[in-house]
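2 protein chains.
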Amino acid sequence: MIDSIKDVAITGGTHGNELTGVHLVKHWLSHPAEVQRDSFSTELHLTNPKANKEVRRYIDQDLNRQFNIEDLKNPELQGYEQQRAKSLDALLGPKENPRIDFIIDMHTTTANMGMSLIFNSSDPLVIGMAFYIKQKMPHATLFYNPSDRLEDNFLTSIGRLNGLLIEVGPIAQGLLNYQVYFDTHTAVMHALDYLQQRNKGLPLNLPAQMEGYQFTKKIPLPENTEGEITAMVHPNLQDKDYHAIKPGDPLFITMAGETIVYEGEQMVYGAFINEAAYYDQNIGLSFMEKINITLQDSNL
Amino acid sequence: MIDSIKDVAITGGTHGNELTGVHLVKHWLSHPAEVQRDSFSTELHLTNPKANKEVRRYIDQDLNRQFNIEDLKNPELQGYEQQRAKSLDALLGPKENPRIDFIIDMHTTTANMGMSLIFNSSDPLVIGMAFYIKQKMPHATLFYNPSDRLEDNFLTSIGRLNGLLIEVGPIAQGLLNYQVYFDTHTAVMHALDYLQQRNKGLPLNLPAQMEGYQFTKKIPLPENTEGEITAMVHPNLQDKDYHAIKPGDPLFITMAGETIVYEGEQMVYGAFINEAAYYDQNIGLSFMEKINITLQDSNL
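Quick mapping for you: the protein sequence lines, in order, are chains A and B.
Using this note's numbering, you'd call the opening residue of the first sequence number 1 and step up by one each time.
Using this note's numbering, you'd call the opening residue of the second sequence number 1 and step up by one each time.
FYI, nobody ran anything at the bench for these hints, they're computed from the structure.
Hints are not guaranteed to be accurate.
Note that the list lumps identical chains together, so a pair holds whenever it fits in one copy or between two copies.
[Stated by the list, open to error] Heads up, simulated DSSO-like pairs for lysine-lysine below, C-alpha to C-alpha not over 27 Å straight-line:
1) 218 to 53
2) 50 to 26
3) 240 to 136
4) 6 to 95
Isolated chain A (complex conformation) (with noise of 0.2 Å):
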């Protein structure tokens, strides 16, 4: 745990094609005041410029996949976004020293995740902005997944702590949707109004405990011997993010109709329900468990 937070990176664009946090960078960028607080300094960057030129999630790697700590000190891993990682972790971290206390990343998905706070540090100073920001924001939920930061492959992990990614959808790749729009604006707002107040020892009057849901496993779309997809997620399950999915209940169609069920024998819920940046990948959802997370200090 650290005493107090100094430097904070805003990051968009991370993925070229979710133009929000484009956007939102180059809004603040001209309006610089609200996002400065005067307990710390605020940095706002553009992470991947020639992905968001061309309105490509990527040019050669997912750039939010390249940022574990043996990837950015392997030398032959010379692609554009292992590059730009190995740039990033010159400029904001180094990794294993960073000179960025805290960075906040914005991203969107096609899935109805609504606002999604992900965040993989299991230190109170985080869980504590994912609670502050879900008591402002109640419709927020909290996407938990702990995690060594040095192992951890996201741009938030070059932070001296682990940060939070803002995850919020539906929309459509390569446009902005004013309600997204506005909602990671207010999420962004909150998260820094909390380092403030964390940082001049105000009260913050945070739960003990939150409910919030944890990554188990990705699960594929049907597919055919040459790799092709042979079904689409149903459409009971489309736009059900964070609902259950009990045992007997359909995942998929197949493009001539046949229902596909859940074959587990526990219930699950669903996220990254039809994602379109997964279709490189076959990726239908992924599964999650409901979990109950606890703040260690609370009181704070």
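Starting from the known structure of chain A, fit chain B onto it as the hints suggest.
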């Protein structure tokens, strides 16, 4: 007007990231009976395989703007889609004396346009098809832009009659949605059934007139002197395709939250509202006018 239809082509993937048509073509290639009718032959074609492989709308140019007669005859136009257009013209046309009588081209949009039947021909056979489908699918919208077939730049225009473009949304690019897939499948079935009944001289019982919409102009998103957009579609307008826009109604909202209203004097209707594909030209929506479409030989 031509007496009967002998050769039909169903095309998909003209825009490489609109996967619905791609997977319907693949489905019908393995289930050909669904598209067979005994009074004509049906061909299936994936029209832009390279863009489809890269899950992009196009490689070099929008393929569905490359089919006017001058461009097809211009040997200097050698971009990927310009070459594809010439190949498709050789395969399905040639435009001045086509082998294929009727092309049904399947598209999707990120706009909330539902089942839109886009047709550019005033031939009673084509108008009759749109009326027939709308009778079977009352939620469909007729989108009618009569044009000179040789001047028209759509793929559908290289058939003997300027055919039917099926445009379904909202759906993000790069994914499948069962409802969109199923609706498109249904509309194509009705189109084929119509041609079969017409070929056989069976009574169609079509109305003499139906309501539709005609394109009037494209409305750009506000932009700055560097050509970057400074506003997005207003939340009151988002998803309101084919609704009335009255003088003073909100059109856009700036990144800073200021509303920009419609300053025209006539009521209009919106379509292609917030279509991702049109961000490459900073187009926010199309203005349409509501029209009555008349069918000359409705007693057929």
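Here is how each hint holds up against the structure:
In this homomeric assembly, residue 218 and residue 53 come within 27 Å of each other (Cα to Cα) only across copies, at 23 Å, whereas the closest approach inside a single copy is 30 Å. Within a single copy, residue 50 and residue 26 get their C-alpha atoms as close as 16 Å, which meets the 27 Å cut-off; across copies the closest is 33 Å, which misses it. Proximity of residue 240 to residue 136 under the C-alpha cut-off of 27 Å is restricted to the intra-copy arrangement: shortest distance 23 Å within a copy versus 30 Å between copies. Taking identical chains as interchangeable, the C-alpha atoms of residue 6 and residue 95 lie at most 27 Å apart only when both belong to the same chain, with a minimum of 17 Å there against 67 Å between chains.
Taken one by one, the earlier hints all hold for this structure without exception.
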